[in-house]
Amino acid sequence: MRTADVVVIGGGIHGCSTALHLALRGLKPILVEKDYAGRHASGVNAGGVRQLARDLAEIPLSISSMDLWEKIEDLVGDDCGFTNNGTVLVAENDEELASFRARVDDLRMRGYTHEELIGRDELKRLVPAVSDHCPGGVVSRRDGAADPFRTTQAFRKRAIERGAEVIEGVTVTGLARVGDVWRVETSAGPIEAPKVVNAAGAWADRIAAMLGEPVPLTVVAPMLMVTSRLPAFIDPVVILRGRKLSFKQLDNGTVVIGGGHLAVPYRDRNETVIDWTKLAISARTVWELFPAMRIATIVRAWAGIEAYMPDGIPVVGPSATSEGVYHQFGFSTHGFQLGPGTGAMMAELVATGATNVPIDGLGIERFGTLKPG
Amino acid sequence: MNASYDVIVVGAGPAGLAAASVTARAGLSTLLLDENPGVGGQIYRGITSTPVSNRAILGEDYWVGTALAADAKTSGAEIVNGATVWSLDPERLVGVSIAGQARLIQAKRVIVATGSQERPFPIPGWTLPGVMTGGAAQTALKAYGMVPDGHTVLAGSGPLLWLLAAQLLRARVKLDAILDTTPRLNWVRALVGLPDFLLSPYFGKGLKLLREVRGKVPIFHAAHIEAVGTDRLTEVVFDGRRLPADLLLLHQGVVPNVNLAMAAGVAHEWNERQLCFQPVLDADFGSSVPGIAVAGDGAGIGGATAAAERGRIAGFAAVRALRPEASVPDTQALRQKLQREEMGRAFLDWLYRPAESFRRPTGDTVACRCEEVTAEQVRVTARMGCEGPNQMKAFLRCGMGPCQGRLCGLTVTELIAAEREVSPAEVGYYRLRPPVKPITLGELASLPIAEAERKAVER
Amino acid sequence: MFKRLGEVGAAVAITVDGKPIRARVGDTVAVALLAAGIDHCRTTPVTGAPRAPYCLMGVCFDCLVTVDGVGSRQGCLVPVRDGMKIETQQGKREAGR
Ligand SMILES: Cc1cc2nc3c(=O)[nH]c(=O)nc-3n(C[C@H](O)[C@H](O)[C@H](O)COP(=O)(O)OP(=O)(O)OC[C@H]3O[C@@H](n4cnc5c(N)ncnc54)[C@H](O)[C@@H]3O)c2cc1C
Ligand code: FES
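Here the protein sequences line up with chains A, B and C, keeping their order. First residue of the first sequence? That's 661 in the working numbering, and the numbers climb one at a time after it. First residue of the second sequence? That's 194 in the working numbering, and the numbers climb one at a time after it. First residue of the third sequence? That's 34 in the working numbering, and the numbers climb one at a time after it.
If you are wondering where the hints come from, they were derived from the structure by calculation, not from laboratory data. Don't take every hint at face value.
List time: in silico BS3-like cross-link candidates among lysine-lysine, alpha-carbon distance up to 25 angstroms [stated by the list, open to error]:
# : chain 1 : residue 1 : chain 2 : residue 2
1 : B       : K266      : B       : K301
2 : C       : K118      : B       : K367
3 : A       : K817      : A       : K688
4 : C       : K52       : C       : K118
5 : B       : K409      : C       : K52
6 : A       : K784      : A       : K731
7 : B       : K409      : B       : K398
8 : B       : K301      : A       : K938
9 : A       : K784      : A       : K817
Examples of chain A residues toward chain C, derived with CB under 7 angstroms [unchecked claim]:
#  : residue
10 : T743
11 : R801
12 : L910
Even for Gly, the Cβ is constructed at its ideal location relative to N, Cα and C.
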């Protein structure tokens, strides 16, 4: 019988980060991944590393993550392609700008200063290519972007170097309490450990179901498309509020266009089917916002399979039904940035039973009124 | 053009022309799309417009295409050229761009007849201007009446190389040399298939071609070839010899063009004899995705005549599915004909199996032309534990450029297989994503949304 | 590199980087460039190496050129038209020009 201190289910950025931080705390984790690390959301996302426009409940985790992103090379031995040219939320009209002002003021009152309101001139300075009709926006200057697959792989690699075991191509098929440990059934035999972390992404409800814990998770597949290499023309990541758009140019010149339009996911087949009518809407938005992009060529579109919660924020914290089990999923299409910090927090929680980074409002008990099944 | 059709055929080569004729003549609304300016595909390229009037140059096998093209034209199928299909999904929604305007068209059945492409031929210097494929020279001749000028060297192996040489000689082109890269020991493996080959039509034709070329061009055997030059090709170096050259034409066989079918989710498998991935198909060329068939060389390399027969069989299957009441001829005779066509194939496959050194390059030789990734980079990354082409993409960007892996996919798979010491079947291929051909943001933005959304609701 | 077997087909006037070139009806852009003796049609975005059409059948994307202002078109698939303006591409192309 294989044994470990903790079994981490799922080899996305969250599972890999938690495994690394557990190992750094001297525990022995075994990470079990049904495909390979970074195969899903964590390896194929837009790579946005943003604190901007986050739900209040996520801000502490997001800020603690940002601290780790800024020294990511020390943590994982790879710069992960991280650049921090800021994220700009562009207002498309005056009403939008007014609502952004209210949000920024509210954050200030709560002591958060990372979001900063900017007017037309500063917007033009940061994003010269943006269409003239935009009156301003919000910038978060520490934000940036990283290479998602490389990042997830770097966490995986460093976790292994620090003593974690990573088993790929193996699926968790059952969870049962045996005495005071959890017996984790897998397609490659059982593993026993006192603690289990459920970081199974879009499949996390299946793990929770093994515990009889219902989770109102929807499987979604946000789409992205990428252009061929263009001359450098924009540094920060640009996002919109009214319409769905995220837009960034990578160092290699390619531009990644996303923003939350959804493909059709088939999670049992690891497949997604692109919805071109929705990507056409993204294309129009870009057309209007960045006139210079009209003749850029789209070379690839894809989608990643991801879990979405009804309130759009993740489930992070102990299971409400099963002692020793912790949840870390449901990142609702914006969990890449949260990976480093949430892994550190989770390792602390698992190892010590408490955490310094507040995670109030993220617990699974918020869905408590739900009937099982 | 309509918003939906009974049958959409992608590719107007022999398979697509034959398939569209069959379905249209059975009364099914049929749309035949091809990105080239004219019909004919690779083999019958330029068939309705070629400026080459001397029929002997291209040979009788070429002119067979006239009847196929004429048959399709009068069949009632709507034929659209200059139509680039950039997406096909499992629900058979086809994304196509015509003259800068994108649209989505729904089909009840789709026959993918996108044919084959030449196998990547990664040698040192193969990205230099002046190095082209044998197929490129053949296309230049057939469709545009253009022939090589200056010192010209052909290199590679396979029947098409000899056909090209014969055609160029007939057009009075002077060839400086043919570098035959066929590994000498291939004969041993091929012998098993010899009896079938002797009975197949390939035999007579092949002999005739060889006779036509031998004696007119110096032929060398080559185990190593290098294209040399700074900004363009000036010399071809092989096995210690050097030849001045203005044009080097490379060809080592063809492989299925998998991009569209793979992006639609069609299951593929490794063919060890032909050293390529091909779709998994039933007897009617139906794929793993209901309603999508793959016919012609895209279904596995079989040649032009076989491609047309396959197209017909796939066409009849579509008719049976959509018009059960229509009378469809017994395809037994067709299948037998097909079998005869394919009989000699095994011999040719083994005989012309490209040498490992021309499939699995080393050192600074470019593996991915678009992103300029070298063979050594791929090998080193594989040795560091990168197990598959998709991870390789993420590390090196190979396969991420505009050709979308067409000219590096097999090389990268084979290099990883070599480093991991496993079969290419185990390594697998790039996960291909639409658009399978780049489209401009403007084209995409031009998609008529209202119409498309209506269709999305209908399906 | 290439010459025409005979001068069939009516002449079509196009420009390449502003210089007038005579093509033939039925030519594609890539073929017209080859016939005019233009030895490369672009430089790569990665190392700036010169490239010319390689496959002439839509596979390799080495024939990318700017056609009437639209960047990165496959020259071997676009038929020439009278008055067409072709530009060779230097490195990264398309937007922000
Ligand atoms: C297209 C797209 C764009 C995005 N853009 C951004 C962005 O710009 N910025 C940002 O912050 N976030 C972004 N996100 C969100 C972010 O990628 C995710 O929130 C984050 O990666 C979630 O990580 P994860 O580890 O929870 O999930 P995953 O990466 O999906 O990992 C879960 C893993 O668990 C494995 N697994 C499941 N069940 C089992 C089982 N029974 N046994 C073993 N293994 C199992 C799966 O195979 C999978 O590998 C984007 C997401 C997508 C899809
Ligand atoms: S020359 Fe290869 S795609 Fe045009």
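Results of checking the hints against the structure:
no., hint, in the structure
1, B:K266 x B:K301, "holds, 22 angstroms"
2, C:K118 x B:K367, "violated, 34 angstroms"
3, A:K817 x A:K688, "holds, 15 angstroms"
4, C:K52 x C:K118, "holds, 9 angstroms"
5, B:K409 x C:K52, "violated, 40 angstroms"
6, A:K784 x A:K731, "violated, 30 angstroms"
7, B:K409 x B:K398, "holds, 18 angstroms"
8, B:K301 x A:K938, "holds, 22 angstroms"
9, A:K784 x A:K817, "violated, 41 angstroms"
10, T743, "violated, 18 angstroms"
11, R801, "violated, 24 angstroms"
12, L910, "violated, 12 angstroms"
Hint compliance for this structure: hints 2, 5, 6, 9, 10, 11, 12 are broken, all remaining hints hold.
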